[in-house]
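4 protein chains.
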Amino acid sequence: MFHGVIPPLCTPLTEDGEVDTASLERLTGFLLDAGVHGLFVGGSTGEIAQLADGDRDTALRTVVATAAGQVPVLAGAIDTGTRRVLEHARRAQTLGADAVVVTAPFYVGVGDAEVREHYETLHAALELPVVAYDIPSNVHYKLPPALLGELAQVKVISAVKDSSGDLESFQKVLDRTEGSGAACLTGSETLADLALERGADGIVPGLGNVDPHGYVRLYEAARKGDFAAAREEQRRLAALFGIIEVADRGRVGRMSAALGSFKAALAARGVIACARTQEPLLPLTLDEAARVAALVESAGLGPVS
Amino acid sequence: MFHGVIPPLCTPLTEDGEVDTASLERLTGFLLDAGVHGLFVGGSTGEIAQLADGDRDTALRTVVATAAGQVPVLAGAIDTGTRRVLEHARRAQTLGADAVVVTAPFYVGVGDAEVREHYETLHAALELPVVAYDIPSNVHYKLPPALLGELAQVKVISAVKDSSGDLESFQKVLDRTEGSGAACLTGSETLADLALERGADGIVPGLGNVDPHGYVRLYEAARKGDFAAAREEQRRLAALFGIIEVADRGRVGRMSAALGSFKAALAARGVIACARTQEPLLPLTLDEAARVAALVESAGLGPVS
Amino acid sequence: MFHGVIPPLCTPLTEDGEVDTASLERLTGFLLDAGVHGLFVGGSTGEIAQLADGDRDTALRTVVATAAGQVPVLAGAIDTGTRRVLEHARRAQTLGADAVVVTAPFYVGVGDAEVREHYETLHAALELPVVAYDIPSNVHYKLPPALLGELAQVKVISAVKDSSGDLESFQKVLDRTEGSGAACLTGSETLADLALERGADGIVPGLGNVDPHGYVRLYEAARKGDFAAAREEQRRLAALFGIIEVADRGRVGRMSAALGSFKAALAARGVIACARTQEPLLPLTLDEAARVAALVESAGLGPVS
Amino acid sequence: MFHGVIPPLCTPLTEDGEVDTASLERLTGFLLDAGVHGLFVGGSTGEIAQLADGDRDTALRTVVATAAGQVPVLAGAIDTGTRRVLEHARRAQTLGADAVVVTAPFYVGVGDAEVREHYETLHAALELPVVAYDIPSNVHYKLPPALLGELAQVKVISAVKDSSGDLESFQKVLDRTEGSGAACLTGSETLADLALERGADGIVPGLGNVDPHGYVRLYEAARKGDFAAAREEQRRLAALFGIIEVADRGRVGRMSAALGSFKAALAARGVIACARTQEPLLPLTLDEAARVAALVESAGLGPVS
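Protein chains in written order, with my numbering: chain A, 1 to 305; chain B, 1001 to 1305; chain C, 2001 to 2305; chain D, 3001 to 3305.
Extracted from the complex, chain A is given alone in its bound form (with noise of 0.2 Å):
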């Protein structure tokens, strides 16, 4: 169930802040005709974070119904305890997911034990399959490898989605999972193509909303073990992802200034209506909004007919 290409949606929302389901079916099909493997709903690149439960609920249905079992559906069940993560898991459980991605618990000092205590509870009280996600830079906490590789082989977690940026560490993930069935993912936009030469089963690319098209090319390539090929469609990707570096971080935060510009992207491609992000992340001002734009198009993605 957990290879390929799996984006991690944006979710459009209209001027007012409310989910734009519209724009969100245009974005589930402009991703499955560009052919990708699954997709993810409510990571931190769907605003699961700022957005309440009625609207990571809205997103979930919305995707669901329009992928219509084509590909998998994943849904973030992010939050603070276990307890609340599994009140999340179970509602995505109820709305047609198919696998439910849960970070560590955060807010809490917490250690190992009580990670494992964790996952091992979420997994005894779930039919859905868990993926342990590991987003160091939101968590404050690293998913140590061996830890991973201990609740893969006894089938706790089925997949493990590592957004660190570590490759070394993602390696060991390799290594200790192996021969457990589960799957291991990349969440880097940058280093896909080296994740995949190592043997990554699959990528989680927040740009993969604005170039689905190019990273299903680099997937294919590298699974085809033409790696120059794969690493050349990185290379243009990499520079694309500048566009998360327009923002001016003096006036706005790392998140404000990643979100921001996938959706202006996003917008100007024409795919959703509206690149507001959700409060408390602050907008790009017009003029970034049309730099992003400019870079887009340079990149040779034209509107979405």
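The set of hints was computed from the structure by calculation and includes no laboratory data.
Note that beta-carbon positions come from the ideal geometry of N, C-alpha and C, so glycine has one too.
Heads up, some of the hints might be wrong.
As the list claims (entries may be wrong) - Partial list, computed: chain C residues near chain B (C-beta under 10 Å):
#, residue
1, Thr2121
2, Ser2169
3, Lys2172
4, Glu2189
5, Leu2191
6, Leu2194
7, Glu2197
8, Gly2225
9, Phe2227
As the list claims (entries may be wrong) - To give an idea of the interface, some chain B residues facing chain A are shown, with a C-beta separation under 7 Å as derived from the structure:
#, residue
10, Thr1080
11, Gly1081
12, Arg1083
13, Gly1109
14, Gly1111
15, Glu1117
16, Asn1138
17, Gly1253
18, Glu1279
19, Pro1283
20, Leu1286
Given chain A, work out where chains B, C and D should sit, using these hints.
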């Protein structure tokens, strides 16, 4: 509204992990009898990060009903993004809270501008006063004293609860909020006397669950300017605080150790029925719980009749 | 030996970056006239990290000669590894220092066991008393109070200088070293009164270069138990400490801002000839230096005759 | 000058902690026989932070004499401030080094402007080329790729040694230094093949002390474009790198574990006489050393004749 001793209540649980409302009523009564000046439901000490929304509500409802207006009830509205916090805050408003306590956004990478947006949006949307909660160990961001000062001067926030452990910074918060009418509360268990000497309006000590009489004596001494007496009380309480160091930290994380010891102490005093904490937190061993009980007894804190 | 006000001396430089011994003699005399109880040469404030060995020696030799035994002279022996520290410490011994001040090893990843080894080796090899220097902002490791207590009880260290800014931890150091004979010194500019109230033996404030008379008054008040007077003095000194926030932090780093302001203030008072700091630190602008001078003057600190 | 395999040499010590020049000559010859392309004396692996100046010089002198011009010798000039680095660099120049390797200033809080000043001052004062050394785990500051690019383009630095473990950042360094003539070296033991595939000019692996032949094979394969072969070699070396995880990390810190295992392996292979590391680093236990030796043997690395 914000002054004196305002303990962040533990949330007693049954063996099955449900909110034990009878124990919570007993705890509330115990604190009121000790003369506390406010009650804070849904802080880190209250395991808000581990409690599902329904359990958060049950806890708040129980405390509001038991307090019956004798002292203000503050409710934590702790979540990752503005709209999520807003939903919690509105429920708290409906359930009878007198104020909401809100951290900076977490899990996502934000800067000062997004944090300002967060508090401004919440203030505009809510009728309850907003208390800014600075707890960098959990949020991985420190609320800048200058920003707190600005938000206080324009009445966006009505108080600051400082759990940074950084008294130099707290002094700056006192300076910057001077004249704004905003209260400054410290979350420190062991520097409460000094914080009061510097001008804090109140204290929010987790250990206040275990020995509320001690903290009330400390506060009253300080209020009368008898800092020598306050210091003596503080010295005794600091020794009692050693209960959080009983659990083997090679086995469990920081939060399991701290909350496990508070609950073991409350159970030893007969205030709550069961020392269970919520998943993924791990319990103290029987031996550790016995050592906590012994420390409590040796501090002269007997069973509550 | 370790009590009272022990300022960490700035190292005045000529325009060319050589040690300005005439200015250093003047600074030493200025501090002695103010009644300080010791002199600390070669701390972070003394730019030890920027000074070549020869310049470190020149500074120490100058201060030892000028002090002429009136008060003890402490010498920083700050370096990455044990043998390197040992060489510095032996030179300091030869040059007439009365004690050496030593941090944990840095630049390499060590744990508590190596830190213990470090201090034990130094103590065994030296005749001078060793002061453990806790400055996690620079060393990126916090000396654990329990370890400091053990080292103090067996006389491996003779004092602790705490520049962690963490008064909760300092309280633990006081508790753990009790009865050992080891002195506890705080490096805090703004919590000196509280540290003394809690039992600190002395204070080592960088700002003591600029206003030694103020810190001596603060210390003497606290020694007599007049903490209200100590607090008044502290309040004034905390306002003066605003000079370190004058420099534009978008332009220069933390250390350039702090040391640049100390030296600008000393130059404004006529104590040193030139405000230059050592490479790679960057100077204040003329405008920034003028603003520092104005703050110094408005604090009632005129030129020294 | 900067390409291929450039191992950061361990510094063999006698039982008493003196530099064992006979062993160091043997190690140098062993590496040259394996076909390495350069030698780096005085890196973290060489225990530069633990060696006194005289020992640093002895090590450099020994390697320069043994290499006798066959390959370039790079010398670490690692210290906290510019003038201190300058003194080390000048001594290295006198002793025959071909380049100096320099980190950002550490121990003091500096920003990008001071780091730029640091490298510019060193470049202006030295005749040797300067290699910028990015090792955030030790320096607690990450050299920004944009700054490295600018310094490379104006020839202030001649190469970058990246020991950040962050391949995304390394890719940016490659991009920003393109066309400057500056070489890009990776310090990664386990991602060397990928770094070379991305365009790295060389590799500086600490494990290259133990198995230089392996890294030379890896490099030569990559140079011919045979990345599959490079990857096979890398896989074997990554397994061998498990020796750094043998020591009990509850007992010793990261650096004791890593350097202790390198030296135990070199002693097991008969290259050096004694596995001692320098204070404050702690030795492996006899049992740990035996397990390292067994891992080395099972990797097919026998005694060197």
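How the hints compare with the structure:
no.: 1; hint: Thr2121; verdict: violated, 27 Å
no.: 2; hint: Ser2169; verdict: holds, 9 Å
no.: 3; hint: Lys2172; verdict: holds, 9 Å
no.: 4; hint: Glu2189; verdict: holds, 9 Å
no.: 5; hint: Leu2191; verdict: holds, 6 Å
no.: 6; hint: Leu2194; verdict: holds, 5 Å
no.: 7; hint: Glu2197; verdict: holds, 7 Å
no.: 8; hint: Gly2225; verdict: holds, 9 Å
no.: 9; hint: Phe2227; verdict: holds, 7 Å
no.: 10; hint: Thr1080; verdict: holds, 4 Å
no.: 11; hint: Gly1081; verdict: holds, 4 Å
no.: 12; hint: Arg1083; verdict: holds, 5 Å
no.: 13; hint: Gly1109; verdict: holds, 4 Å
no.: 14; hint: Gly1111; verdict: holds, 3 Å
no.: 15; hint: Glu1117; verdict: holds, 4 Å
no.: 16; hint: Asn1138; verdict: holds, 5 Å
no.: 17; hint: Gly1253; verdict: holds, 4 Å
no.: 18; hint: Glu1279; verdict: holds, 4 Å
no.: 19; hint: Pro1283; verdict: violated, 11 Å
no.: 20; hint: Leu1286; verdict: violated, 17 Å
Of the numbered hints stated above, those contradicted by the structure are hints 1, 19 and 20, listed in ascending order.
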